[in-house]
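Peer 1: Using the sequences plus the hints, can you model the full thing?
Protein chains: 2
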Amino acid sequence: MGNKEQSMSIVLENVIVSDANSAKKVNLRIENGLISALDENPLPISPGDTVVAGEGKLALPGFVNAHTHLPMSLFRGLADDIPLDTWLREHIWPAEKRLTAADVYWGSLLSLAEMIKSGTTQVADMYFHTDSVARAVSEAHMRATISYGIVANKLDKHGKDELAMARETIERWHGAANGRIRAALSPHAIYTCGRDVWAAAIDLAHEKNVPLHTHLCETRDEVAWSLTNLGQTPVLALDEIGAFSIPTIAAHCVHVSEEEMAILAQRSVTAVHCPKSNAKLGNGHAPVVSLLRAGVNVALGTDGAASNNGQDMIEEMRMASLLSKGALEDPTALPAREVAMMATHNGAEALGAGARRISTGEDADIVLVDLSGVDTVPAYEPFSTLVYAAHGCDVTDVIVAGEFLLRDRKLFTIDEEQVKYEVNRRFGKAFAN
Amino acid sequence: MGNKEQSMSIVLENVIVSDANSAKKVNLRIENGLISALDENPLPISPGDTVVAGEGKLALPGFVNAHTHLPMSLFRGLADDIPLDTWLREHIWPAEKRLTAADVYWGSLLSLAEMIKSGTTQVADMYFHTDSVARAVSEAHMRATISYGIVANKLDKHGKDELAMARETIERWHGAANGRIRAALSPHAIYTCGRDVWAAAIDLAHEKNVPLHTHLCETRDEVAWSLTNLGQTPVLALDEIGAFSIPTIAAHCVHVSEEEMAILAQRSVTAVHCPKSNAKLGNGHAPVVSLLRAGVNVALGTDGAASNNGQDMIEEMRMASLLSKGALEDPTALPAREVAMMATHNGAEALGAGARRISTGEDADIVLVDLSGVDTVPAYEPFSTLVYAAHGCDVTDVIVAGEFLLRDRKLFTIDEEQVKYEVNRRFGKAFAN
Chain A
0 MGNKEQSMSI VLENVIVSDA NSAKKVNLRI ENGLISALDE NPLPISPGDT VVAGEGKLAL
60 PGFVNAHTHL PMSLFRGLAD DIPLDTWLRE HIWPAEKRLT AADVYWGSLL SLAEMIKSGT
120 TQVADMYFHT DSVARAVSEA HMRATISYGI VANKLDKHGK DELAMARETI ERWHGAANGR
180 IRAALSPHAI YTCGRDVWAA AIDLAHEKNV PLHTHLCETR DEVAWSLTNL GQTPVLALDE
240 IGAFSIPTIA AHCVHVSEEE MAILAQRSVT AVHCPKSNAK LGNGHAPVVS LLRAGVNVAL
300 GTDGAASNNG QDMIEEMRMA SLLSKGALED PTALPAREVA MMATHNGAEA LGAGARRIST
360 GEDADIVLVD LSGVDTVPAY EPFSTLVYAA HGCDVTDVIV AGEFLLRDRK LFTIDEEQVK
420 YEVNRRFGKA FAN
Chain B
0 MGNKEQSMSI VLENVIVSDA NSAKKVNLRI ENGLISALDE NPLPISPGDT VVAGEGKLAL
60 PGFVNAHTHL PMSLFRGLAD DIPLDTWLRE HIWPAEKRLT AADVYWGSLL SLAEMIKSGT
120 TQVADMYFHT DSVARAVSEA HMRATISYGI VANKLDKHGK DELAMARETI ERWHGAANGR
180 IRAALSPHAI YTCGRDVWAA AIDLAHEKNV PLHTHLCETR DEVAWSLTNL GQTPVLALDE
240 IGAFSIPTIA AHCVHVSEEE MAILAQRSVT AVHCPKSNAK LGNGHAPVVS LLRAGVNVAL
300 GTDGAASNNG QDMIEEMRMA SLLSKGALED PTALPAREVA MMATHNGAEA LGAGARRIST
360 GEDADIVLVD LSGVDTVPAY EPFSTLVYAA HGCDVTDVIV AGEFLLRDRK LFTIDEEQVK
420 YEVNRRFGKA FAN
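Protein sequences, first through last, are from chains A and B.
Following numbering that gives the first Met the number 0, the numbering of the first sequence begins with 0 at its first residue and continues without gaps.
Following numbering that gives the first Met the number 0, the numbering of the second sequence begins with 0 at its first residue and continues without gaps.
In short, the hints are calculated from the structure, not lab data.
Keep in mind that a hint or two might mislead.
Computed list of lysine-lysine pairs in DSS-like fashion (alpha-carbon distance at most 30 Å, straight line) [unchecked claim]:
1) A/K409 / B/K409
2) B/K24 / A/K419
3) A/K428 / B/K24
4) A/K24 / B/K428
5) A/K24 / B/K23
6) B/K419 / A/K419
7) A/K23 / B/K23
8) B/K23 / A/K419
9) A/K23 / B/K419
Peer 2: Dropping the structure here:
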């Protein structure tokens, strides 16, 4: 699709920018993928500049969805309200076995369309058919860390094939799309990869200088399995193997002790909180407030759309805060600004890419959220309005690396109707005939 | 605003309607405020009929928000993330003292605009300046049960004044607006109204043949207060006074024992589950699954927008289901269809008005939800898509008593820009200057 104006510079006028102490109305200039100017006074406009009227809109660094499986939007609603084991064994795994590369491509685009429309600019993905995932990310002009999810008990023929796929994903895609795509190494979990597989994966991550992205302490069963089979908890087992010598993105961290939190904090591990998925699958609620207090970098993720069933980071922030307040019976738990930091800054830190804040020199990954609707007025505190009242559909504009992906709620890089057509003819069934 | 076509009949073509066993595509005719025909075959169209193309849209009985305080949208975001006692004493109560009748009118319209846009057709409200609330409801063409919230320790001068206000609200508004407005009697709670006040309120409810609407077992402090001061729990105390001899709408029911659930089930008490408000204020999570199992009619409510901070029933359904699944660590808890019944049928049953289901002869309170967006496809099971994936902004059309309140996402009875203007000039502060 035509993106001629993308090389020109963009000026966002009169947007609201908020830091820990105050909110102010500013003007931003975006050039060469970066924020080049931020000023409370009007900026000079040159011919060819794209000027956006930002009155009433909050400008944020784009949301970072730090744990997802993009193609799983194909299974959104396939099998809800059933036990976890049945869900996996009888529905999700058989459906995944049948997926083609083309399916994965269209499913990834569907998720990316949903994400961009609700303000996400960067994701950490783990799946297979990674060429299809990467191609979708590249075409959508999104920022992503992609990885091939390794599942192998031993370093036998199958295990070696899995590692080869992971290596190929890194070699083919790390640094692609003008650096917007990066790669990670993903042993799926402690219970789905044997010790030798983990060791080989860690070596490969060292060799390629990429982070690990794995599932950690998601279910009580996982912890019980680890204690029975390895004689220690998943965190201690992975630490002993040397996994945490590499920056690690650890999804879930629901069932972790205080001792394990201290280890996660000492090593460079980011815990990715996925509150909706954990609740919906009946896995419980992660001790987010304790993780933050222990000094762990906590980011936010939706997990795949099969277990969420959405990928809206505003709703995920709200859910994170409300679930913590409810579980701890403490209305001061996980305040708006802290959860907004998790959804933006902490995710970008974990992935080592994208905007961490709105300031000059940062990557221009910027989202505008209209806070002037009947769901959000009156105006008291912008982050409170964002986290507790706003909706994904209040996002009006999304910029990644200085390019519009969404403008006035219209997608720029994805043909939404084509994506829905391709998904609908492959998956689901008509609700009624 | 002009509603000339409202007296004509409406035909909804090819909408999806789903019951416990199946989903089908049907055509609906709406005349004289009722559903007059439902057919899988095309209905004859007469000149002057308003025809709506419903392809891809789920037709539901409108959502019933069974516990709210409409004017409190004025305080949305006023004071989040702080302890409950400070929130009430230092922020909400002082702000409420300053409210004028005009403030309450505009705040009510703001909430009604938000609610209609997200599919709500009926509310149970409790507040003061009830003339303003009722005027807003009447102008919005909404269906509502309104009540004056009585707060009085004794039946002294103040207590009698409070009861007089409650009586006046009933006499002035019960049955108004072609029966769309009904009234209830609202002693605020066990700890804010003395025994004599409760007794007088119960007498008045009997005299006027209106239901009670109160707060019940919302906080641990309320239960502790009741045990200390009355020697029994709030449910037992109210049952002894005879409150439950009248149909009662009991908001919250967070801290209730199995014994108390049995009492609520035996009497005609509806428990209104308010999951987001209970979580956000740190009051915990109501035992919804146990309440339903005990046979209690459980409806759904948002509570006021000061403690939610939204009034979107789709999000409230999702939160109800996910919070129960997470708290019980059971992915089968509160399945989609059951929570959708709570949000529609059970609320209408409790209020004795409005549509309970989509069938001929029912009130034409109908909502269309577009399930064909990038947030909702592909199609597997309509209620699963509605509860776990759809958003308030996917609601396209809202009909109450046979009249459009929303059509193609545009409000018909409320001037949204005027409401925002009036609210913004009275409340909040600009986020930034």
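Peer 1: For A/K409 and B/K409, compute the direct alpha-carbon distance and say whether it is at most 30 Å.
Peer 2: Satisfied, since the Cα-Cα distance of roughly 19 Å is no more than 30 Å.
Peer 1: If you draw a straight line from the CA of B/K23 to the CA of A/K419, is it 30 Å or shorter?
Peer 2: OK: B/K23 and A/K419 at ~22 Å, within 30 Å.
Peer 1: Take a quick look at whether B/K24 and A/K419 sit within 30 Å of each other, Cα to Cα.
Peer 2: holds, 20 Å
Peer 1: Is A/K24 within 30 Å of B/K428, Cα to Cα?
Peer 2: Since the Cα atoms of A/K24 and B/K428 sit roughly 13 Å apart, the hinted pair holds (cutoff 30 Å).
Peer 1: Assess, step by step, whether the Cα of A/K24 is no farther than 30 Å from the Cα of B/K23, and give holds or violated.
Peer 2: Measuring from Cα to Cα gives roughly 51 Å; hence the hint is violated.
Peer 1: Is A/K23 close enough to B/K23, meaning Cα to Cα at most 30 Å?
Peer 2: violated, 52 Å
Peer 1: Are A/K23 and B/K419 close enough, with their CA atoms no more than 30 Å apart?
Peer 2: holds, 22 Å
Peer 1: Mind checking the alpha carbons of A/K428 and B/K24 for me, to see if they're no more than 30 Å apart?
Peer 2: holds, 13 Å
Peer 1: Between B/K419 and A/K419, is the straight-line Cα distance small enough, at 30 Å or below?
Peer 2: Distance ~35 Å between B/K419 and A/K419 Cα, so the pair is violated.
Checked against the numbered hints listed earlier, the structure breaks hints 5, 6, 7; every other hint is satisfied.
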